[in-house]
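Protein chains in written order, with the numbering used here: chain A, 1 to 115; chain B, 1 to 109.
These are computed hints drawn from the structure, not numbers from a lab. Keep in mind that the hints are not guaranteed to be accurate.
Just a few of them, taken from the derived set where beta-carbon distance is under 7 Å, the chain B residues facing chain A [stated by the list, open to error]: (1) L11; (2) P18; (3) L46; (4) T94; (5) K96; (6) F99; (7) G100; (8) T101; (9) R104.
Heads up, the beta-carbon is just placed ideally off N, CA and C, and yes, glycines get one too.
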Amino acid sequence: NAGVMQNPRHLVRRRGQEARLRCSPMKGHSHVYWYRQLPEEGLKFMVYLQKENIIDESGMPKERFSAEFPKEGPSILRIQQVVRGDSAAYFCASSPRTGGAQTQYFGPGTRLLVL
Amino acid sequence: AQRVTQPEKLLSVFKGAPVELKCNYSYSGSPELFWYVQYSRQRLQLLLRHISRESIKGFTADLNKGETSFHLKKPFAQEEDSAMYYCALLSSDTDKLIFGTGTRLQVFP
Chain A
1 NAGVMQNPRH
11 LVRRRGQEAR
21 LRCSPMKGHS
31 HVYWYRQLPE
41 EGLKFMVYLQ
51 KENIIDESGM
61 PKERFSAEFP
71 KEGPSILRIQ
81 QVVRGDSAAY
91 FCASSPRTGG
101 AQTQYFGPGT
111 RLLVL
Chain B
1 AQRVTQPEKL
11 LSVFKGAPVE
21 LKCNYSYSGS
31 PELFWYVQYS
41 RQRLQLLLRH
51 ISRESIKGFT
61 ADLNKGETSF
71 HLKKPFAQEE
81 DSAMYYCALL
91 SSDTDKLIFG
101 TGTRLQVFP
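The shape of chain A in the complex, shown without the other chains (with noise of 0.2 Å):
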């Protein structure tokens, strides 16, 4: 079991562009969650996705922020007309079910940097 991966590791993008950070869960998980580190802080939850539903979004900016888990495919968080304050490491997890206490395996982590 390869783990939670996450792509790319790195992203520079510019103000005004969009982020696209793709997250692919440990084999058998259909529960994914995205969580952002700004610097100096903790993880703060932003999402909550099980195939094809967003189950929590509490945690997501209310604008240019979204995030997908279609049928097929990675997990995506998008961030359009990034801007400096978006700079932030981007960490996805997964687990196999809710319920209980669940083990969250995370990703490596995606850091963006907005110029």
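Using the hints provided, position chain B relative to the given structure of chain A.
Using the frame of chain A, we list chain B on its own:
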């Protein structure tokens, strides 16, 4: 409100010294708590969770509901323990994790 507090940003000890990384939480109900560790240039890994009551790499953590704490302890620190440590609480709402800001542990030789 559901919240996790790690009051120390940095904890420095010498090899062989005892270590205690503090974690306090705010939660109504029965909490489910975790410690994650991130070694340099590696991904976040689960270190232990309170329901397992296990010891991993010599670390233990006991849930104290009276003090709303879940401190991480190790009697004799090793250099390879140097890393970022995050305490996390599983939200009752939708299984999202609520993280503390992390404590960097530095173990000097």
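So which of those numbered hints doesn't the model satisfy? Those not satisfied are hints 1, 2, 9.
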